[in-house]
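Asks: What follows is the residue order along each chain.
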Amino acid sequence: MEEIAYIVHPIVVTLAGAVLGALYFAFLRWQTQIGNLRASLIVGAIAGALGATMLTAPLGYCMFQGDQSSEDVIVGWIMVLLGLLLTLNIGSTVLWRYFRGQRLLPRGDTTPGAFRGRFGLVYAMAVLSPTILVLIYFVYLPMFDTLRFSTFLARFGAPRTRFICVSNFSRMLSDLDYHSNLFLSFALSFGIIIIAMSLALLIASMLNQPIRGANIYRTLLIWPYAISPIVAGSIFGLLLGTESGIVNRVFGLLFGVKVPWLVTVPAAQISVVLASVWNVIGFNILFYTAGLQTIPKDLLESASIDGASAWQRFARITFPLLSPFTFFLIVTNTIYAFFDTFGLIFVLTRGGPTESTFTAMYRVYVTGILASDIGKSTAQSLILFLIVVGITIFQFRVGQRRVQYGNY
Amino acid sequence: MTESASSRFVFDPSSNRAQSWWRRLIPQRWYAHLILIISVVIITFPMFYALLISTQSNPEVYNHKFTPGSMFFENLRTVMVQRNMGRFMLNSFVIAMSIAVGKTVMSVLAGLGLVYFRYPGKWIVFGFVLITLIMPGDVLLIALYRRVVSFDAWPHPYVALTLPLLASATGVFIFRQHFMTMPPDLSEAAQLDGASPMQFLFRVLIPLSWNTIGALMVIMFLFGWNQFLWPLILLRDQNLQVVQWGMQSLTQNVEVGDNFGPMMMGVIITSLPPMIIFLILQRQFMKGFALTRDK
Chain A
11 MEEIAYIVHP
21 IVVTLAGAVL
31 GALYFAFLRW
41 QTQIGNLRAS
51 LIVGAIAGAL
61 GATMLTAPLG
71 YCMFQGDQSS
81 EDVIVGWIMV
91 LLGLLLTLNI
101 GSTVLWRYFR
111 GQRLLPRGDT
121 TPGAFRGRFG
131 LVYAMAVLSP
141 TILVLIYFVY
151 LPMFDTLRFS
161 TFLARFGAPR
171 TRFICVSNFS
181 RMLSDLDYHS
191 NLFLSFALSF
201 GIIIIAMSLA
211 LLIASMLNQP
221 IRGANIYRTL
231 LIWPYAISPI
241 VAGSIFGLLL
251 GTESGIVNRV
261 FGLLFGVKVP
271 WLVTVPAAQI
281 SVVLASVWNV
291 IGFNILFYTA
301 GLQTIPKDLL
311 ESASIDGASA
321 WQRFARITFP
331 LLSPFTFFLI
341 VTNTIYAFFD
351 TFGLIFVLTR
361 GGPTESTFTA
371 MYRVYVTGIL
381 ASDIGKSTAQ
391 SLILFLIVVG
401 ITIFQFRVGQ
411 RRVQYGNY
Chain B
3 MTESASSRFV
13 FDPSSNRAQS
23 WWRRLIPQRW
33 YAHLILIISV
43 VIITFPMFYA
53 LLISTQSNPE
63 VYNHKFTPGS
73 MFFENLRTVM
83 VQRNMGRFML
93 NSFVIAMSIA
103 VGKTVMSVLA
113 GLGLVYFRYP
123 GKWIVFGFVL
133 ITLIMPGDVL
143 LIALYRRVVS
153 FDAWPHPYVA
163 LTLPLLASAT
173 GVFIFRQHFM
183 TMPPDLSEAA
193 QLDGASPMQF
203 LFRVLIPLSW
213 NTIGALMVIM
223 FLFGWNQFLW
233 PLILLRDQNL
243 QVVQWGMQSL
253 TQNVEVGDNF
263 GPMMMGVIIT
273 SLPPMIIFLI
283 LQRQFMKGFA
293 LTRDK
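Note that the protein sequences, when read in sequence, are chains A and B.
For the first sequence, position 128 (counting from the first letter as 1) is numbered 138 according to our numbering, and the numbering increases by one without interruption.
For the second sequence, position 87 (counting from the first letter as 1) is numbered 89 according to our numbering, and the numbering increases by one without interruption.
It is possible that part of the hints are untrue.
Stretch by stretch, here's where chain A covers chain B in the computed footprint (C-beta under 8 Å, at least three residues) [unchecked claim]:
#1 37 to 50
#2 62 to 73
#3 76 to 84
#4 188 to 199
#5 218 to 232
A few chain A residues facing chain B, derived, Cβ under 10 Å [what the hints assert, rightly or not]:
#6 70
#7 138
#8 243
Derived from the structure by calculation, the hints contain no laboratory data.
Note that this is a predicted model, so its numbers are computed, not measured.
Think of the CB as a built atom: it goes at the ideal place given N, C-alpha and C, for glycine as much as any other residue.
Given the sequences, and given the hints that come with them, work out the whole structure.
Replies: Below you can see the structure in the form of structure tokens.
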């Protein structure tokens, strides 16, 4: 059999992972001063080797073979890095729990008041099976399909598929259109988070004051939560129309100009942000109102007696204690900006002018459904999946730490 | 929230000071009222404007008249009959109710299975459900679509549409948390009385969970009613399409002479059912999430 030529040999990849893992665990050992150095080096090397190979080995290290482009090799290293992030985090968590003498696994059976009897497992599986079966068939298997198809050249309507290694990903590296789609998604979530969350916090703080009619105000302010993105897009299409729109009527009277909101480049993107902010602000007000009610009133009162100004009370007490809600809203607003804005953009600008309001999700729809390219669109879906995983980890890591600081 | 409940929280160092007559005319915390009123005006304006436009004809729209037009019934007829929105609303109602009921029933059952039985590896089952939170349907859209269309024995397209959406990690999580806060004496007493788990579920747990069920039903109904992308790609027959699809079809030909009136009439009727449900179940919704001060 002919020897396969590698640009980077699999053994090199595995060893690099092992060395990185061992170094990282040695660093953790030095930082925490807990545990056995030799054990951490060994476990670190194993976790590193696993991490480096877990994503590359299932593809047969094809991205490191001689006939691949340099972009493929870069994608390969990114996959090594992602695998390392996963295994080193899990490995260090488990190992240091062991070093500290904590339980490695959660207790399975903590419920007082569980039903006694021999058929507990059978009964539990019977009531859990609808959820588990639907999850396996319609979530886990499609997730597996997404992973698999992202390495294929495959089209709807064409029975033949071909394995093309990581080409679907490496082509993204030079696909400037896709970069601008991703950039728009991030910019949109940034705009929504900044504007919709700060306004919602201001409004919720006012709702939290002991004033008459707070319930009426609250109902009138959170109802856009019930409005679909399609409807939000339709209304803003009316408000922002160049000739028909009431906004341009007001602009015309005040400044004598008419802004072509939906058909010129920065204005169309601003329009999408405005409509999205209007669509999500009710949700944000809802959760900030809930959050403000969890803040103990006596804490604010004693701070007030000690002479803290309203701003100091907000900055030092209210805002830090709200951080779990803030992180939750950052995550949900990012998810909204990445996925739910699809319908809004579909009616407001149709992705135009010149694809300037294509979000990453809109690109998945165009590539996968309109252009029938399964491989490319599942690869784009996986990028979105990585972003969702990223912000979820962000919420858990940063969120929990801040909450602990906030626990006075 | 009642005034007496909230007044316990009032802390105003200046309240003992003698106030001049004009201070008493301005409500306390006028700035809060001012900000809230401005916010209410800005947030509700688009919907009120849509309501206004839904009664107008195109020339009235372009002249920016702020009085109701005469086209209300004309626009309503155009949208409901000519553009088939009545049918789409019925379709969406069936889909949204199936999703809401299905998700709630399955989540309640799963919550029961995760709290009230003893078996090894319970946390694995919970983790298996919970980790699907990081796999939103939009990420799986293409693969799910391929999987669903490759099976051609669906009894009805709506089964293919709703079944993949019926499992809910959020719902399972909410009911698990809710059941775990219930006093264990409840199930102990039920067991002493010889109740089966299902009797316990129907006689004890569900009557104690109406707020949570109501809250989840609102969320899930809205989720079902607002479905757009999944039906857009899955349903071939236009008569089976959903209300959001009908709504976007109303916006398609506005530039070439179609009227804004019917478009905004579409906005109003598309938004009415979720808003009515939201208003009716608002108390359950707020209580389910412990949003009111008098818990």
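Asks: Run every hint past the structure and note whether it holds.
Replies: So, going through the hints one by one against the coordinates:
{"no.": "1", "hint": "37 to 50", "in the structure": "holds (count 8)"}
{"no.": "2", "hint": "62 to 73", "in the structure": "holds (count 3)"}
{"no.": "3", "hint": "76 to 84", "in the structure": "violated (count 0)"}
{"no.": "4", "hint": "188 to 199", "in the structure": "holds (count 5)"}
{"no.": "5", "hint": "218 to 232", "in the structure": "holds (count 5)"}
{"no.": "6", "hint": "70", "in the structure": "violated, 22 Å"}
{"no.": "7", "hint": "138", "in the structure": "holds, 4 Å"}
{"no.": "8", "hint": "243", "in the structure": "holds, 8 Å"}
The structure does not agree with the numbered hints 3, 6 stated previously, though it agrees with the rest.
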